[in-house]
Every structure is written in structure tokens, then in C-alpha cells.
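Engineer: Line order of the protein sequences matches chains F and H. Per UniProt numbering: the first sequence = residues 1 to 334. Per UniProt numbering: the second sequence = residues 1 to 334.
Don't read these hints as lab results, they were simulated from the structure. Among the hints, a few may not be true.
[As the list claims (entries may be wrong)] To be clear about the criterion: a stretch of chain F counts as covered by chain H if any three or more of its residues have a C-beta under 8 Å from a C-beta of chain H, and this derived list gives those stretches:
| hint | segment |
| --- | --- |
| 1 | 65–75 |
| 2 | 214–226 |
| 3 | 268–277 |
[What the hints assert, rightly or not] Listed below are the simulated DSS-like cross-link pairs for lysine-lysine, each with C-alpha atoms no more than 30 Å apart in a straight line:
| hint | chain 1 | residue 1 | chain 2 | residue 2 |
| --- | --- | --- | --- | --- |
| 4 | F | Lys232 | H | Lys232 |
| 5 | F | Lys310 | H | Lys85 |
| 6 | F | Lys232 | F | Lys204 |
| 7 | H | Lys37 | H | Lys224 |
| 8 | F | Lys234 | H | Lys37 |
| 9 | F | Lys305 | H | Lys150 |
Here a beta-carbon is modelled for each residue, glycine too, at the ideal position from N, C-alpha and C.
There are 2 protein chains.
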Amino acid sequence: MIMRALIISLLSVGTIAAPPVMAAAADEPIQPIEAAKPKNENMVELGKMLFFDPRLSKSGFISCNSCHNLSMGGSDNLPSSIGHKWHQGPINSPTVLNSSMNLAQFWDGRAKTLKDQAGGPIANPGEMAFSHELAVGVLQSIPQYRNRFKEVFGSDKIDIGMVTDAIAAFEETLVTPDSRFDKWLKGDKAAINQTEREGYNLFKDAGCTGCHNGAAVGGASFQKMGVMEPYKTKSKAEGRFAITGKDADRMMFKVPTLRNIELTYPYFHDGAAASLEDAVNTMGRLQLGRNFTKDENAKIVAFLKTLTGKQPQFLIPILPPSTKETPKPKPFDD
Amino acid sequence: MIMRALIISLLSVGTIAAPPVMAAAADEPIQPIEAAKPKNENMVELGKMLFFDPRLSKSGFISCNSCHNLSMGGSDNLPSSIGHKWHQGPINSPTVLNSSMNLAQFWDGRAKTLKDQAGGPIANPGEMAFSHELAVGVLQSIPQYRNRFKEVFGSDKIDIGMVTDAIAAFEETLVTPDSRFDKWLKGDKAAINQTEREGYNLFKDAGCTGCHNGAAVGGASFQKMGVMEPYKTKSKAEGRFAITGKDADRMMFKVPTLRNIELTYPYFHDGAAASLEDAVNTMGRLQLGRNFTKDENAKIVAFLKTLTGKQPQFLIPILPPSTKETPKPKPFDD
Ligand code: HEC
Ligand code: HEC
Ligand code: HEC
Ligand code: HEC
Ligand SMILES: [Ca+2]
Ligand SMILES: [Ca+2]
Chain F
1 MIMRALIISL LSVGTIAAPP VMAAAADEPI QPIEAAKPKN ENMVELGKML
51 FFDPRLSKSG FISCNSCHNL SMGGSDNLPS SIGHKWHQGP INSPTVLNSS
101 MNLAQFWDGR AKTLKDQAGG PIANPGEMAF SHELAVGVLQ SIPQYRNRFK
151 EVFGSDKIDI GMVTDAIAAF EETLVTPDSR FDKWLKGDKA AINQTEREGY
201 NLFKDAGCTG CHNGAAVGGA SFQKMGVMEP YKTKSKAEGR FAITGKDADR
251 MMFKVPTLRN IELTYPYFHD GAAASLEDAV NTMGRLQLGR NFTKDENAKI
301 VAFLKTLTGK QPQFLIPILP PSTKETPKPK PFDD
Chain H
1 MIMRALIISL LSVGTIAAPP VMAAAADEPI QPIEAAKPKN ENMVELGKML
51 FFDPRLSKSG FISCNSCHNL SMGGSDNLPS SIGHKWHQGP INSPTVLNSS
101 MNLAQFWDGR AKTLKDQAGG PIANPGEMAF SHELAVGVLQ SIPQYRNRFK
151 EVFGSDKIDI GMVTDAIAAF EETLVTPDSR FDKWLKGDKA AINQTEREGY
201 NLFKDAGCTG CHNGAAVGGA SFQKMGVMEP YKTKSKAEGR FAITGKDADR
251 MMFKVPTLRN IELTYPYFHD GAAASLEDAV NTMGRLQLGR NFTKDENAKI
301 VAFLKTLTGK QPQFLIPILP PSTKETPKPK PFDD
């Protein structure tokens, strides 16, 4: 439908010798994305509150948004995260933007779904350092939360499944459509410039789309980090090997989405590449055995920056106050 | 104008024997507040970005909003704040809501204005642990920030004065009108119930309004904490004595605003009172030599909860990405 409308509008403005853009877009290894259509607005709103509520952590200070800051592309822009008591995390925080498109969650894919994932950080000693029971206890003690859970789930006996359902529902809305590249894919030839276009061609010709493809420009497979030569890192993470124990899975990581990549520096699971220039060079060399010239590198970087989409725009949530029954945060206890 | 309109509307619905509510309100020791009318929308928007930007801290992790969380009444709801490297702060974080109404900033009033205040936390080793030069350097390295400063201040050579001007302009918008008590003050008799009304009368009769009065229900004077008997605390803070060195200023603190007090637990400069019930009991005993009954206490608490106003509602800011020139955050360095 959209295609037809676009083709008609192109014809109607009398574009001469219009290249078959839509046909081309259909052939491209990357597809445009559309804004999420939330199924349950109330659940999304509740999930947003939970995503921003630091009372899901032991300290009362750290929320999902601390490490997946939605003002900053859904990440923390640190090589590795700061968790409870300033604990230095082992790995770079991936963006939550478009994470619903991933084949699995985490760098090593150890969580199948967003719902499975969302319980993890709450109980992780180095992240939010809480327990599911305590987190649920906090929510259960707050009448406005009870009412919202009742409204959404038909029961005000809150359990962790409801909490993770709501957070996942919110995360599913964190889609970033209307990037300049998407506009180009949909037929707006002026949406990207010559350099960016050349960068895209290079991205395809060099073989980047072998791994970074589909609607999320990644997220669809696990691949080895260091195909042509091994990746040198101080990080101890070994990727899917940690899950499967198979030697072949050593250093196999989920291919990250490249949408909004301009916003989610630093790069790689160890956060070792500070700039997009660095990351592109490393990828060329390690994954494809190719040394890009400065000019080639700049073109690919220019293309990658066209993948920045419309960031989720919403009102900051107003959280209901704790009550006398609410367990107190314990920021400085052992 | 509003008064007249209200009186007319009261008359026009034919209220019989309407008590002279507006006259009464005019005699009250507490005045209603109105939404802020920002003078310079662009400056406010810039200030909002800065208020939420953790890159003003050494770690890249802590923003003004970390300790003055606008989802939680503009405070952190902790007895004392968590700062850089999980440093335990010496004092409770006061709300930034309605802080423009304070005669001075900080518990001891050591900053005259919001602008004077805003430079403090950035350079405070236990809070954001940065320097003004470094913070300005970060902003200066980001083209979208440069453009915004240029738009607002006519120059893109950013200095700390512009930064604090913009933050203060944003803070001035953080006013919370339309509390139920304000509606009552303006003549809506049904806005508060009988218990709350009795609580208010007790609040006046007991003498609370001696210190907590005016539009902010506080914020207008420094008073001794512990008038009738000394305040027992583990905190070393001595109030205005730290500024003036005068013995008479020992334990003199700025009287906090009681607007949104339901949201800004725990209470007092040391955060030692976990609940509003506790705080009211302590105030009665220490400031007025009065032991409230459980019933009296409950009524005052009920009244205080009518002071929760409309919380600032705005879109989360989207922050521009750092560039290659941007100094890197240093969360784990010494
Ligand atoms: C202390 C920092 C921190 C906090 C708090 C935190 N996360 Fe994460 N998050 C991370 C890190 C680091 C990873 C990567 C871990 C890995 O892959 O092993 C991650 C991974 C994820 C992923 C997977 C994304 C992907 O592409 O694989 C999602 C989704 C996510 N977090 C959502 C959440 C939610 C929801 C919360 C709150 C309930 C939360 N996070 C709290 C740091 C944090
Ligand atoms: C063989 C598969 C493969 C190929 C080919 C490939 N990549 Fe990657 N890419 C990955 C994997 C896996 C990662 C994650 C590696 C890690 O973090 O350890 C990654 C990470 C990245 C990142 C960092 C993403 C982030 O959020 O940290 C960028 C940027 C990137 N690739 C760009 C490229 C470019 C440009 C090319 C072509 C020159 C390319 N990739 C080719 C698999 C591939
Ligand atoms: C690490 C926690 C922390 C951070 C970060 C922080 N503050 Fe504060 N803020 C506090 C504490 C604690 C006080 C009280 C200090 C005192 O009175 O001595 C305070 C006081 C204030 C006050 C005075 C309010 C009053 O009624 O006296 C204002 C206004 C304020 N901060 C604004 C800001 C702004 C703007 C920023 C960012 C530039 C910021 N704060 C960053 C913890 C923090
Ligand atoms: C003599 C002046 C004075 C009187 C009278 C007084 N207060 Fe206070 N009030 C203060 C001061 C000063 C503080 C701050 C004390 C501190 O934090 O050390 C305060 C703090 C409070 C707080 C905690 C505010 C916060 O944000 O932490 C509450 C609640 C409160 N007062 C309520 C009352 C009530 C109710 C009464 C009457 C029973 C009352 N006050 C009478 C001066 C007074
Ligand atoms: Ca990253
Ligand atoms: Ca407080």
C-alpha cells in the first residue's frame, strides 16, 4: 500500500527517468522500520514507570534508565556500566532501542525474550542488587502501583511476571523509525547525500551486510568477533561459549543492531572502540580482512550516521510515593 | 481577575450563604502558587538538557536529575545522597520543586540564587566531581550544544555563567500549582475534606505557620532546629553557623518548603525522619513543646498531603551525542 502510494506520488510529480527506487529498496539487504503500535497503552505506561523507578534496586538509586538512558540512545555511553555501589560491570551496555528486533537478548543471547531479560538486572548483584521478592514487595506496598497492576493485569497481587511483562511492553515501543536512511529506502532520494550513498554501497560491497542486515541492521545472528584475525581484548567475555560450552562458540556474539549507532558509543562488547571510525576500521580488518582508506572509512561512518532514527518522545513518568509499609532502600549496607 | 471570576461563578450558581471564602483565603498565612511563565523557552529547554546530562559529571553517570529526580518530587528519597564513586553525602537532598521561592539555596542558605547554586554540585568532589572548565569543555565539543547556546546567548563560546543561567531558568519552571490545598484557598470548598481542614486548623493553631508560611509554606526564613529541646542527630551539619561562625547561628537551617512534602521523604537535613508522621511529631515536640495525639498527628499529616501539586510534565530531553573531541568520562579513575 505504502509502496503503491509512493510510486503514484513519484509519478504524479512527473519525475523523469526516476530510478526504480522502490524496487531497489525491496532488493536492499536492509529494510525500513515503522513506529511501534502498542497493544496495551496502560501496560506500556506502567512499564515506563517501572523502567524509570530506582526503587527496583537495593540502593533506591539505580533504574533501568540509569544504564539504558533514553535521553542518550538507550545506553550509558560508558565502556562498561556502573552498577550497585559503583561496581564496574564486565561488559558494555547495549541499547534498548529496537531491542525487540533482536533474535535474543544480551551479547551472548542468553535471554530469549525481553520479558526473560528484564528480570535479570534487578537481581544481579553488580547491577541493581535486589531480589524479585523485594522488588515486588516495594511495588505491592504502594497503592497507586497496586491500582495500575489491577487495571492492567486484573489483579493487584503483583508478581515478577507482571513486572517483566510490563517492562517488556514498554521496551517494545522503543522503536526508532524515520531515520534518513529509512526515508531513502522508502524512495526519498534526497534523504541521504552522495557521500552517505557511497558509504552505503561500500558497506554492501565490502560485505558488512553479510552480518549487519535486515530491519535492525543486525540483531539477527550470532557471529564470531575476529573472523580473519583474533580480537585482542582485556575483557574475559567469551560470548556464546559461556552458554553452550562448545569451542566453536568462543567469541561468538550477537551482531549488534547498527540503528542509532551514532548515539551508542563506545563500541563492541568491551566498549574498547571509542569512535565509529575505530569500530569501522576494526570491523574491516578483523571481519573482512580489509584495510579501509581514510576516505572509505569516512564514507561508511557517514552512512552509519544516517541510521539514527526518531528517538522515543514521551513525558517523564511521575512515580507514586512510597508508603510507611515500603521497605527502605539500602544504599550503603553490605 | 481570577478572584472576581470565581466569585461571580459562585454567585451565578446561586450558592446560598456562601462563606466569604476568598476573603478568608486572603487572610490565610499560606498563599496559592501559579504555574511559571517561562521568559525564554529556548533557555528553559537548554537548561532541561543540562539538568539531565550526566556528562556534566566526571563519571558521565550522574546528572542533577540523579539526586533531584523529577519523577520523584525532585529529590532522591534517600537519607543522604549517593555521589561520585558512591560517595555518601553529608546531608539530605532537598527538592528542586519550587526552589525558586526560597530566600536562599541549600539548607544553610550559602547560595543566594539558583544560578549561584547550580555551579556547586558540578565541581563538588562528592557529587559530580568535575570542574567547570571540564564541564564547559564537554559542552563546547558538541555542535548541537554550541548551536543552542548560540541561539540562547548569542555566542557559542560557552562559559559556566551561561550553563548556570540555563539550569536556573529551567529550575524556575519547576513550580507545582493546583494542589488541592491551593484549590481550597482559591475557593473550592470541596477540594479538601473535613479531616484535612481540621489538620490545617491545627497546623495554624499549634504555631507551625510561624515558620512554615507564605506561598512556599516555608523557604522564607532560617530557624533553629530544636527550639524547645535540642535536636539529637549523628549529622555534623550545624546550619548557618558554618557560614557566619556566630554561635547564635548554630543549628539554624532554612525552613524547608512543605509543598509536595508527601513526595520528598525522608525528612530533615539528616534525613532521619522516615515518615511524615515522625517529622510532624518531632516538629511538635522540638519546635513547639507540644505532644500531638495520634489523631492530631494524623490530621496534620492529612493536611500536609493536600500540598502535593501538579508535577512538572515534560518530554524527556534527547541529548546530542558526544564527538571525537569530547573528553571521555572517567568513572573509575582516581
Ligand atoms: C548497572 C547497569 C544496568 C542496569 C541497571 C540495567 N542494565 Fe540492561 N544491560 C546492561 C548491560 C551491561 C547489558 C549487557 C549484558 C550482557 O550482554 O551480558 C544489558 C543488557 C540489556 C538488554 C539486552 C539488549 C541486547 O541487545 O542484548 C536489555 C533489553 C536490557 N539490558 C534491559 C534492561 C532493563 C529492562 C533493566 C531494568 C530492569 C536494565 N536493563 C537494567 C546494563 C544494565
Ligand atoms: C562476520 C560478521 C560481521 C561482519 C562481516 C561485520 N560485522 Fe560488525 N559486528 C559483528 C559482531 C559480532 C559485532 C559485535 C562484536 C563485539 O562487540 O565483540 C559487530 C560490531 C560492529 C559495530 C559496533 C556495534 C556496537 O554497538 O558496539 C559496528 C559499528 C560494526 N560492527 C560495523 C561493521 C562494519 C562497518 C562492517 C563492515 C566493514 C562490519 N561491521 C562487518 C559482526 C560482523
Ligand atoms: C550527588 C547528589 C547531588 C547532585 C548530583 C546534585 N545535587 Fe543538588 N543538592 C544535593 C544535596 C545533598 C543538596 C543539599 C546540600 C546542602 O544544603 O548543603 C542539594 C541542594 C540543591 C539545591 C538547593 C535546594 C534548596 O532548597 O536549598 C538546588 C537548587 C540544587 N541542589 C540543584 C542542583 C542542580 C542544578 C544540580 C546539577 C548541576 C544538582 N543539584 C546536583 C544533592 C545533589
Ligand atoms: C521555629 C520554627 C519552626 C516551627 C514552629 C515548625 N517548624 Fe517545621 N521545620 C523548621 C525547620 C528549621 C526545619 C528543618 C529542620 C532540619 O531539617 O534540620 C523544619 C522541617 C519540617 C519538616 C521536614 C521538611 C523536610 O523537607 O525535611 C516538616 C514536615 C515540618 N517541618 C513540619 C512542621 C510542622 C507540622 C510544624 C508544627 C507542628 C512545624 N514544622 C513547626 C522550622 C519550624
Ligand atoms: Ca555501545
Ligand atoms: Ca527530604
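Engineer: All the hints need checking, so say for each whether the structure fits it.
Structural biologist: Do the hints match the structure? See the list:
1. 65–75: holds (count 6)
2. 214–226: Answer violated; 0 residues pass the 8 Å Cβ test.
3. 268–277: With 3 residues in contact (Cβ-Cβ under 8 Å with chain H), the coverage given for the segment 268–277 of chain F holds.
4. F/Lys232 / H/Lys232: The given pair, whose Cα atoms are some 57 Å apart, is violated under the 30 Å limit.
5. F/Lys310 / H/Lys85: violated (33 Å)
6. F/Lys232 / F/Lys204: holds (26 Å)
7. H/Lys37 / H/Lys224: It is violated: about 34 Å lies between the C-alpha atoms, which goes past 30 Å.
8. F/Lys234 / H/Lys37: Cα-Cα ~53 Å, so violated.
9. F/Lys305 / H/Lys150: holds (24 Å)
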